[in-house]
Amino acid sequence: MGDPNKWQEVEIGVPVKVAFTEFVKVAKNLSTNTTDVTGFSIDVFKAALEVLPYDLPFDFIPFAKPDGTSAGTYNDLVYQVYLEKFDAVVGDITITANRSLYVDFTMPYTESSVVMVVPIVDSGSKNAWVFLKPFDLGLMAYNFLFLRLRWFRHLGA
Numbered sequence: 001m002g003d004p005n006k007w008q009e010v011e012i013g014v015p016v017k018v019a020f021t022e023f024v025k026v027a028k029n030l031s032t033n034t035t036d037v038t039g040f041s042i043d044v045f046k047a048a049l050e051v052l053p054y055d056l057p058f059d060f061i062p063f064a065k066p067d068g069t070s071a072g073t074y075n076d077l078v079y080q081v082y083l084e085k086f087d088a089v090v091g092d093i094t095i096t097a098n099r100s101l102y103v104d105f106t107m108p109y110t111e112s113s114v115v116m117v118v119p120i121v122d123s124g125s126k127n128a129w130v131f132l133k134p135f136d137l138g139l140m141a142y143n144f145l146f147l148r149l150r151w152f153r154h155l156g157a
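So for the sequence shown, the UniProt record's numbering puts the first residue at 1; every next one is plus one.
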């Protein structure tokens, strides 16, 4: 590896997308003619670099066509690391078995799962005896008899 001060700039591929820009957002700054890359995934990457005992020069390179639109899917982006067009990729990339055939992943820093968000419809009653609802009549009779027998036994009767 050698001296970190003599390392070349690491080329980091980033996805270009329209939706969910909270993770990665690529924006062209027309006044400076530069590309601004921001988002949660970028913040996590930069925080990880701050922990390193040396500086690691890097450059974010958008995975985009000349017109600024995405140059492909996430699979295509990950495959660019395998083809050595990027040194690494930073973004909201799901770890899949297929992608793991071509690259190594860091530990996940977010949980990916399928969820549903639905409104709550509260049809329950609002009385003080609602705690008895799980007990059917037979179970309540059993509890009553058991507690009654324990009470008589406690009294010594």
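Hints are computed from structural coordinates only; laboratory data are not their basis.
Here a beta-carbon is modelled for each residue, glycine too, at the ideal position from N, C-alpha and C.
Mixed in with the good hints there might be a few duds.
Stated by the list, open to error - Quick list of the computed label-pair ranges, beta carbon to beta carbon:
no.: 1; residue 1: S100; residue 2: T21; range: 23 to 31 Å
no.: 2; residue 1: P134; residue 2: D104; range: 47 to 55 Å
no.: 3; residue 1: A97; residue 2: T34; range: 34 to 42 Å
no.: 4; residue 1: S123; residue 2: W151; range: 30 to 38 Å
no.: 5; residue 1: F58; residue 2: I95; range: 18 to 26 Å
no.: 6; residue 1: T34; residue 2: V114; range: 53 to 61 Å
no.: 7; residue 1: T96; residue 2: A27; range: 24 to 32 Å
no.: 8; residue 1: A27; residue 2: L52; range: 24 to 32 Å
no.: 9; residue 1: A19; residue 2: D136; range: 21 to 29 Å
Results for each hint:
1. A C-beta distance of roughly 26 Å is found between S100 and T21, which places it inside the suggested range of 23 to 31 Å.
2. Separated by about 50 Å at the C-beta atoms, P134 and D104 satisfy the suggested range of 47 to 55 Å.
3. A hinted range of 34 to 42 Å for the beta carbons of A97 and T34 is consistent with their spacing of about 37 Å.
4. Between S123 and W151 the CB atoms are about 37 Å apart, so this pair conforms to the stated range of 30 to 38 Å.
5. For the pair F58 and I95, the supplied restraint of 18 to 26 Å holds, since their beta-carbon distance comes to about 22 Å.
6. Checked against the hint of 53 to 61 Å, the pair T34 and V114 fails, with Cβ atoms roughly 37 Å apart.
7. Evaluation of the 24 to 32 Å hint for T96 and A27 yields a pass: the beta carbon distance comes to about 28 Å.
8. Hint check: A27 to L52, Cβ distance near 27 Å, so the stated range 24 to 32 Å holds.
9. Distance hint check for A19 and D136: the Cβ-Cβ separation is about 50 Å, which falls outside the suggested range of 21 to 29 Å.
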